[in-house]
Structure formats: C-alpha cells, structure tokens
Amino acid sequence: MLYKLGVVGNHYLEGIFYSLTVFAVFGVLVSVPAAILLGLFHMKRTGAYSAEVSLSTESNPYVYKLIPGKEREVFLPLMVLTAKGLAKVMREQNALSPQEKEEFDSILAKADNLLKGQMIGHPRQRSRSLDSEDRRSWRLGVDEKRSTAS
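For the sequence shown, the working numbering begins at 1 and goes up steadily by one.
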C-alpha cells in the first residue's frame, strides 16, 4: 500500500525503489533501528522507568535503585551534603565516636553506590523452607479451621 501510494508514479523514488522487495528491505532496515531508538528515548523521558523502579521496589522491597531525575540529581546529593556537614560539626565538637564514624562512612558509601546507578540491599530470603510434612500439616490445619467455621 505504501509502495503504491508513495513510490509508484514518483520519478525520483522509482529509480531508487524499482521493486516492492527493495522498498520492503529498506523499510525494515530503517524502521527497526528507528523504533528501537524511539523506544529507548520514550523509556528514559517518560514515567515508564520510574514506574518500573517502583514496581521492582514493591516486588522486592529490600533492593533499591535510585530514580533518575530529581532524586538522583538533587535529593540524594543534598542529603549527602547535609549529612557530611553534620558529621563535620560533630567531629569538631568531638561528639562522634569511632563506631559512629565507621557507620556514617558505610552509609555514605551506600549513597555513593546509589548515585553511580548500582543497587543496594539484599534480596529477601525465606528464613526456612517448608518441607512437604510441614506443608501437609499446615494445609490440614487450614482445612480443619474451614470445616469448623462452616
């Protein structure tokens, strides 16, 4: 359809796209990379990335990524500067113990990792897995509660 409307009868394009096959191959070679680039641009410029981050945080609340934009460019650096200023005041007043200094440096290192785009935290793990006997006894208890409630 596009070939017939755009190329057939056009003196300039008929010389380049002399058949539908050449037009189709050229169309695929141009449209696929263009679609990929537009998709990447769309992903970075809209709320899609922040929505993906919030969903990943919701599904695994113990592993966090920093949302690009105001959070990465303003909020976290401002918090880090505030914390460093507070630590400087506490050091001048000798109110910071070595253990507190070590803990403070550890937290600042995590903030730096977030600014670099890395994740912090560890995935959630079960404390113990239920074996088949535990599952069966738990299931029986649930079934007994259901039968007594009826």
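A portion of the hints provided could be inaccurate.
Unchecked claim - Calculated pairs, SDA-like style, for lysine to any residue (alpha carbon to alpha carbon, straight line, at most 20 Å): (1) Lys-110 to Ser-56; (2) Lys-44 to Val-28; (3) Lys-101 to Asp-112.
No lab work stands behind these hints: they were computed from the structure.
Okay, the hints, checked on the actual structure:
Taking the CA atoms of Lys-110 and Ser-56, the gap is near 19 Å; set against the 20 Å cutoff, the hint holds. The hinted pair formed by Lys-44 and Val-28 fails the criterion: a straight-line CA distance of about 24 Å is larger than 20 Å. Pair hint Lys-101 plus Asp-112 holds up; C-alpha atoms about 16 Å apart against a cutoff of 20 Å.
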